[in-house]
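**Q** Chain by chain, the residues:
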Amino acid sequence: MTDKLSKDPAPTPSGSGSPATPYEAIKAVPVRHYGRWISAVVVVVLLGWLVYAFSQGNIIWDTVWDKLFDSSIIDGLWNTIVISVASMALGLVLGILFAVMRLSKNPVTGAVAWLYIWFFRGTPVYVQLLVWFNLSLIFEYINLGPIYKNETVDVMTPFMVALLGLGLNEGAYMAEIVRAGIQSVDEGQTEAAHALGMSQTKTMRRIVLPQAMRVIVPPTGNEFINMLKTSSLVSAVQYTELLRASSNIGSTSSAVMEMLFVASIWYLALTSVFSVGQYYLERRFARGSLRSLPPTPWQRVKANLTTFKRSPEATR
Amino acid sequence: MTGQPMVKAEGVHKSYGAAHILRGIDLEVRSGEVFCLVGPSGSGKSTFLRCINHLERIDGGRLSVDGQLVGYRQKGDKLYELKDSEVAAQRRDIGMVFQRFNLFPHMTALANVMEAPLQVKGESKAVARERAERLLDRVGLGDKMGNYPSQLSGGQQQRVAIARALAMEPKLMLFDEPTSALDPELVGDVLDVMRDLAESGMTMIVVTHEMGFAREVGDSLVFMDGGVVVESGHPREVLGNPQHDRTKAFLSKVL
Chain A
1 MTDKLSKDPA PTPSGSGSPA TPYEAIKAVP VRHYGRWISA VVVVVLLGWL
51 VYAFSQGNII WDTVWDKLFD SSIIDGLWNT IVISVASMAL GLVLGILFAV
101 MRLSKNPVTG AVAWLYIWFF RGTPVYVQLL VWFNLSLIFE YINLGPIYKN
151 ETVDVMTPFM VALLGLGLNE GAYMAEIVRA GIQSVDEGQT EAAHALGMSQ
201 TKTMRRIVLP QAMRVIVPPT GNEFINMLKT SSLVSAVQYT ELLRASSNIG
251 STSSAVMEML FVASIWYLAL TSVFSVGQYY LERRFARGSL RSLPPTPWQR
301 VKANLTTFKR SPEATR
Chain B
1 MTGQPMVKAE GVHKSYGAAH ILRGIDLEVR SGEVFCLVGP SGSGKSTFLR
51 CINHLERIDG GRLSVDGQLV GYRQKGDKLY ELKDSEVAAQ RRDIGMVFQR
101 FNLFPHMTAL ANVMEAPLQV KGESKAVARE RAERLLDRVG LGDKMGNYPS
151 QLSGGQQQRV AIARALAMEP KLMLFDEPTS ALDPELVGDV LDVMRDLAES
201 GMTMIVVTHE MGFAREVGDS LVFMDGGVVV ESGHPREVLG NPQHDRTKAF
251 LSKVL
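So the protein sequences, as listed, match chains A and B. Residue 240 in our numbering sits at position 240 of the first sequence, and the numbers go up by one each step. Residue 146 in our numbering sits at position 146 of the second sequence, and the numbers go up by one each step.
Keep in mind that the hints were calculated from the coordinates and are not lab data. Model, not experiment: these values are computed from the prediction. Just so you know, not all the hints are guaranteed correct.
[What the hints assert, rightly or not] With a cut-off of at most 25 angstroms between alpha-carbon atoms, the simulated DSS-like pairs for lysine-lysine come out as follows:
no. : chain 1 : residue 1 : chain 2 : residue 2
1   : B       : K8        : B       : K75
2   : B       : K8        : B       : K171
3   : A       : K202      : B       : K125
4   : B       : K83       : B       : K121
5   : B       : K83       : B       : K171
6   : A       : K202      : B       : K8
7   : B       : K83       : A       : K202
8   : A       : K202      : B       : K121
9   : A       : K105      : B       : K83
10  : A       : K202      : A       : K105
11  : B       : K8        : B       : K83
12  : B       : K171      : B       : K121
This is chain B alone, in the form it adopts within the complex (with noise of 0.2 angstroms):
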């Protein structure tokens, strides 16, 4: 839990053209905890977490994950961008679960699962296959292993894509509104699981609208807004006495 933090960002900045998305975010992210991204939309805090792994490159600042900048090389003062193969190997370690699933539509449930680590690993089919039923029967899926994402419901979908992200067996993991997409009575499963992620130690560093499970599991939680750090803490703290006005001014609307 002590020594360097999982995730450091420094004065990370991103635009889109004239676009200023992100205008300078600093945070630390340490092992094992959970780290919750709350704010309104267009905030810019899924634009940060595309930045952690590397789908979206940051235009100013420095991000690290596991001590070890995201997309460059630091030689001396000078930053050399990586090849494409070494931002493919950073991202290895990196689990993201999108908010519309993304899943595989042309392979089963259980393929999708042991796509990466056969192609990406080079494991074998029994190291991989046996794994990824593991990982199936954990997010509560032993029976639809054979199925295509067509024929899941959303939260289940969101299940196998959990599971096919912790197949690589990564050292963190990005949510991006996991449960925006999901009827709200499947919503309950898909939190299940993160939470039994969050206890097993997973580092986790979730954008999300539930502030029921940032409150409950959370370790941290930071308020974005424009693009800023507005406020951060223990989510209990920021959720039950925010400081700033924009914090109020949000919360009043999704609490």
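In isolation and in its complexed conformation, chain A is listed as follows (with noise of 0.2 angstroms):
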């Protein structure tokens, strides 16, 4: 049987020190899958027909594209920015607190740090917005005793009410993501940190923390993304932001949905920047757990250009 076949004699495959012993490659006809060639047919055809639909559809297009970079849209823009930004911190901070207080030992704060996150969780955040917008309702004046006291509709600028809505409900989800990065920390980093001598808080804040930022993060940047878009509710409480600007000029100028495209189309630009710098985040803070990271993509891309000017010998 084997007769046929040792025409060419291969070398026997006993030395595994011998390089490639030659083979015959496997030529087979390949499985058809016209299943897939049916479903690709069809799903451009239905992509097709709804470009077309709005294509036909009763919108201006040069308008959006005339809105684009409008002067109130780019200010609008930049608030949607600022507030998602200040917004995070706020949160990014109060969420450690609440973290740490709630895996304190002391059964005090670890109990007000579990109401919180109870009660910014378990209402929504636009119940929460129009109650801070109402605040004066309830306080007539913000008084601090001898440190502090005003007005509350003058402290309560649009600003004020959209920073503490979305910051203190941001807050209690990063305490839960903090929560579950703290947690994920090997105990034996803490016991090799108190061997040493370090202190609770710096244990914490050099070898704690650091770890968890690997779990922490990934779920931080969807926050993140999530707030940008978040951020269009506080057009409720009369801040300018993206949305708002938007569609002051679509009321105006009766370009209601031409406008709301210009602000999906910002929205969207938005959320794919902050994505890439989500993806350059979560490799920093993977240094040490993988033994040698993954190449970004414009690495790959360097590495492709180098060896395609290297001379062919260099690869070998």
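Put the complex together from the two separate chains, hints included.
**A** Structure follows, in structure tokens:
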């Protein structure tokens, strides 16, 4: 049986050191996936129909492109970024604070943290925004004794309402994310740090939190991208962010849909940019957990270019 | 070598809830000696080791290191618990090496060794770095300083862990089964480093299953079982001529 095949005698596979034993590659007729072809055609047709419908709809696309860089839109865009970053920063600080409180051995701080998370996760953020907006209905003055006193309506500018509403709500979510991150760090790490004489605070700041970041960063990136979009809710409390700026123009120029498209384009641009940022942030905090980091897309492009330029004998 | 013992335990008890782990441990570790703790798993030897630097709180008896009570202060006949910062201060002088290494994975080998001198002693970077490099050289890892723990073998990680503990210039080193998590062919390198350390005169308490190491390097050996000290003496005597039945039974299994 082997006679036919051994016309060209292949070396016996006994020597493991022998380089690349020759073999005959299998030549077989591949399975035809007709289903894949059909579904691809169906999807492309449906997509084409959708694009066609929008191009024929009662939309003035030129208005979209005209208004995309309108100064009031750019102002709104800037306000969206400001309120999202500020709220996220507040949420992050509150999140770390309440996560540490919740994990502390003190039952009172633990219970308070639990209550905070329960309340701010349990009510809609829209309701929370309206409560902050209408705070002057129940407190006419904000009175911190001798330090500070002012009328509530003066303090509660649209920016403050938006910041408190979004930031405190975000804090509750971040607290849970940070807590999960801290708990994901092996107890041996804390023990090793303590055994070296490091204090509780130093251990948390130098050893536990940096490792927790690897677990905290990906969901935090999601939270931030969510925040960029959720910030559109604050148009309801008179803060002129992207959506409000767009609909202001929309209602005066009766280009409602056009302006909603303008807003959508900007939201997509924002979330895309920050997704890229998240990728690099995750990479930064993966240091040490992987033996070698995978190359970034840019590094891959560069590597391809250099191998392209290099003479073929160098690659061997 | 004379004077007070480095570690002195008198009737040390420790329970986790209903589990009574340590049932009255009495022992003395002299300064400069290599003190081996052996015994079956669950005998309380690791727990006792962790009591010495107060990773575990003892429930009864007295435990002191270099004449200082561990975790407590005595005033008259009353005991006061030490604050966290005071406990931390006590731990600075006691190095510990863990079974699972517990290196900080987000730092390079060099940064692992520099961390405690920088953060705890407030040393300058130059001084800490100089010592860290010397210590890593000493454990044979002079060429791995920039590597992260995940890029090192188990034996290399454990040697970094020993260097990390030594960076605080401790007067006492605790080893909690330092070779138990290693592949057999990597055990030798770690034991060599420990042997070298013993020769330099470091006081060492070693929980181990390496009877060869205990016999060769150890100055004293204690056999523990069920939370008590069953037998103690010079390693060659205890291992070569065990008096107690439980010791004989254990040694017949591991030797």
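**Q** Determine for every hint whether it applies to the structure shown.
**A** We went through each hint and held it up to the structure:
About 19 angstroms separates the Cα atoms of K8 of chain B and K75 of chain B, which keeps this hinted pair within 25 angstroms; it holds. For the proposed pair K8 of chain B and K171 of chain B, the alpha carbon gap of about 14 angstroms is at most 25 angstroms, so the pair holds. A threshold of 25 angstroms between alpha carbons decides the hint, and for K202 of chain A with K125 of chain B the separation of about 17 angstroms falls inside it, so the pair holds. In summary, the hint linking K83 of chain B to K121 of chain B is supported, as the alpha carbons are separated by about 18 angstroms, within the 25 angstroms threshold.
Simply put, K83 of chain B and K171 of chain B have alpha-carbon atoms about 22 angstroms apart, close enough for the 25 angstroms limit, and the pair holds. Proposed proximity of K202 of chain A and K8 of chain B is contradicted: the alpha carbons are some 30 angstroms apart, above 25 angstroms. Our distance criterion of 25 angstroms between C-alpha atoms is met by K83 of chain B and K202 of chain A, whose separation comes to about 15 angstroms. At roughly 12 angstroms between alpha-carbon atoms, K202 of chain A and K121 of chain B fall within 25 angstroms of each other, so this suggested pair holds.
Distance hint between K105 of chain A and K83 of chain B is fulfilled; the C-alpha atoms sit about 15 angstroms from each other, no more than 25 angstroms. At most 25 angstroms may separate the alpha-carbon atoms for a hinted pair to count; K202 of chain A and K105 of chain A meet this at roughly 17 angstroms. Between the alpha carbons of K8 of chain B and K83 of chain B the distance comes to roughly 22 angstroms, so the proposed pair stays at or under 25 angstroms and holds. For a cut-off of 25 angstroms, the pair hint linking K171 of chain B to K121 of chain B stands: about 15 angstroms separates their Cα positions.
Comparing the model with each earlier hint shows a violation of hint 6 alone; every other hint is respected.
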